[in-house]
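Starting from the known structure of chain X, fit chains V, W, P, C and L onto it as the hints suggest.
The lines below spell out each chain.
6 protein chains.
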Amino acid sequence: MEGSELTHLRSDGTAHMVDVSAKAVTARVAEARGRVLLSAKAIEALRSGKVPKGDALAVARIAGIQAAKRTPDLVPLAHPVAVHAVSVDLTVQDDGVDISAEVRTADRTGIEMEALTCVTVAALALIDMVKAVDKHGRITDVRVTAKSGGRSGDWREDEQ
Amino acid sequence: MEGSELTHLRSDGTAHMVDVSAKAVTARVAEARGRVLLSAKAIEALRSGKVPKGDALAVARIAGIQAAKRTPDLVPLAHPVAVHAVSVDLTVQDDGVDISAEVRTADRTGIEMEALTCVTVAALALIDMVKAVDKHGRITDVRVTAKSGGRSGDWREDEQ
Amino acid sequence: MEGSELTHLRSDGTAHMVDVSAKAVTARVAEARGRVLLSAKAIEALRSGKVPKGDALAVARIAGIQAAKRTPDLVPLAHPVAVHAVSVDLTVQDDGVDISAEVRTADRTGIEMEALTCVTVAALALIDMVKAVDKHGRITDVRVTAKSGGRSGDWREDEQ
Amino acid sequence: MEGSELTHLRSDGTAHMVDVSAKAVTARVAEARGRVLLSAKAIEALRSGKVPKGDALAVARIAGIQAAKRTPDLVPLAHPVAVHAVSVDLTVQDDGVDISAEVRTADRTGIEMEALTCVTVAALALIDMVKAVDKHGRITDVRVTAKSGGRSGDWREDEQ
Amino acid sequence: MEGSELTHLRSDGTAHMVDVSAKAVTARVAEARGRVLLSAKAIEALRSGKVPKGDALAVARIAGIQAAKRTPDLVPLAHPVAVHAVSVDLTVQDDGVDISAEVRTADRTGIEMEALTCVTVAALALIDMVKAVDKHGRITDVRVTAKSGGRSGDWREDEQ
Amino acid sequence: MEGSELTHLRSDGTAHMVDVSAKAVTARVAEARGRVLLSAKAIEALRSGKVPKGDALAVARIAGIQAAKRTPDLVPLAHPVAVHAVSVDLTVQDDGVDISAEVRTADRTGIEMEALTCVTVAALALIDMVKAVDKHGRITDVRVTAKSGGRSGDWREDEQ
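Chains as they are written, first to last, in this note's numbering: chain X, 4 to 163; chain V, 4 to 163; chain W, 4 to 163; chain P, 4 to 163; chain C, 4 to 163; chain L, 4 to 163.
Take these hints with a grain of salt, some might be off.
Identical chains blur together in the list; that is why a pair holds if it fits in one copy or across any two.
Claimed, not checked - Below, simulated DSSO-like cross-link-like pairs (lysine-lysine); rule was C-alpha separation at most 30 Å, straight line:
# : residue 1 : residue 2
1 : Lys26     : Lys134
2 : Lys26     : Lys138
3 : Lys44     : Lys26
4 : Lys44     : Lys138
5 : Lys134    : Lys44
Since the hints were derived computationally from the structure, they do not count as laboratory data. Owing to the predicted nature of the structure, the values given are computational and were not obtained by experimental measurement.
Looking at chain X on its own, in the form it has when it is part of the complex:
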């Protein structure tokens, strides 16, 4: 097997940004999910307090939205994409917080990386918010859970 199966590498193994200029502009959606495992004390802090949840989840949500826009700055070979919609949901569970993100565009390339970046940076921001009560937050199970649009067809994790 050649390194060239990895399309971001040329035949000599060096990285490049692949050409998408001839690809069609089509509507594309990607959804990603992940979890942040937290201690009971951290969950309690997120659930109670005078102002339920306060800004803690808002900070994570906003960090995720902003990170989706900065994906090409973070992921070296990612193409700049016109991010047209981002929503992030954080659901506090007994042992952690579920994070899901949906990103939409009408552009030449998929936006799975934007959805994954959104979830992981929201997770980082959440860990930062609760670190005074839990220094051992753990990010886990971050993956693409659905995509539609583009050449490779639609797919949903829960229909597999």
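Positioned in the frame of chain X, the structure of chains V, W, P, C and L alone reads:
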């Protein structure tokens, strides 16, 4: 329990950046680890090829190092920190790639968030590199594994 | 009245980036204006000197142009927009500096936020330029003064 | 009067970043204030809704905090400063929203520009949040209201 | 001759970003080349070592690709462009390293500035990589070597 | 010779950011120079016009100053440095423009890379300013010309 246990929130639940100006400048080290679970085909692509590994792991390594420097841009309430050293290690295993990062500083705040950001962005860049052969890379088990320096004492995961 | 009147908020009050992927690409123009009130001494410094105005106004102008391009990085829920033209005018008056900016695009969303961001960052840069002689510069009356293109029709402040 | 009174300009009128390397590291605080004038309808939207205030003010607050950290990126001749604390307060009044920000550092230069940048970008984000119900939000009266630390002594607007 | 021949300047000499919103979206390619002159010791370090070339050239390559995407952030009057492809080649010669970059887009403006930015930042990163053995790396002969697409016709340096 | 002579590479050839946390904070200065070769027509445009030089050189100067601050964002393994002073000089000659930059800091690492980045980005911005009259601007002879401070001693090109 009040929201104010989350030090990034004030007593009314609103977010702020906590004051560290009076904290001492001390040498600090943080280490974080995580994994990217990949298909056998993706692992094979990373292991073989004309140029063993080519730029694939280098791209992830560099993305991680750069992201450590950009942590305060990504994590809304993180303080700017003078990142003084970053190293990232990616080890290809049979079912995925282990990622570990060590970050050092001599500054007023801990750099655990920098280490976590380094690992997660390296993971995102790795998933981007192999997505042509595996659209289902999964980031998992990202957590701080060691820290030293600062007021709260030293700690290592494998000594617990 | 529900929070959902604020379109950046969902029905549960959480923020999201609204979907514009189905909106038409149309030519859009926005103009914003504002003022920086300055002391007589600062105005004199801007008006005289060996090199009339020197780089002082140029720095403000360029800061404004660059900020227009960075709007989605600064305003969390703003969409990335292809900024196609920016002009900034600074006019030194007896009690301050008038700033106006016109921004153009052919894209899916309005660019009023880009015009406002351009004016306010130009104002910040101007205050920075003169702060050695006037520590009390004051930014005032920053608002959208005209827009055209897009679904909501054309509008000009001075025709109201 | 020569252009050189503007310390950011050299004697020939060209801009430079002044040398602060020999200045002492001292604790410094700056406070800035401003207002966003809004329509009654926008104020009602901010005050009511299922989730009182929802994320609307949180988005502005977080945008302001992040902008404080990015001041040297926005204001061309501003020095990089280690921002050690930021707090932003938004108070909904009958005719608008009062915004105040306090920024702290232990560094070589003042952080008045960081405080002003924080208030203005929070104002921009707030206008963006309510623009669906009020396209004519107006930023006004943004100025430094207090500073302490550094060579030029302490000062408070309300003690003048 | 008037300053207005420089299209980035208005008739009064002030800078603006020219309007491209009415220009057609067409496929465009630009190629730039340059050299980094290095000492024999630095060349030997790049050529030998346990891992031939190691990450040294990869770091330069990736820095160049990322810089192409950041051109509008670096060059004040450059328009944001949807960078659709970037490749960078570094060839180690006896007295230095040849760098060439090819950038592609389907957009409203040329991408010669992106190609030049890619080569120069790759050159800066390369100098940084070898500075422990050669503090006197020199960037030279950076220029556009080919362009196609857009109104002004195709051109190749080696066909002149 | 081993790759490890390149201090940015570890013994296995992988890149890392070297640890400077134990280095002393000392005053450091670096100067870099370079040239942009331009056509007679471009030089004439820079020299004449209603407003001599207009904003053309100011844009390049400001771009260089801002780029110095962004060096760690552009050069992957560069440490964040507190840039304490930057000055850029552009001198129009008959066949091009000479650019020199001086950067100062009191920090743990040298700032030669900041000086080089300043010169090269100023050169890129200048080429962008004149490209309507000269598409073949050429950046040449960019190198460090002086440094002082730090462990490795002082050095000036013109004293060699």
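Which numbered hints are broken by the structure, listed smallest first?
none
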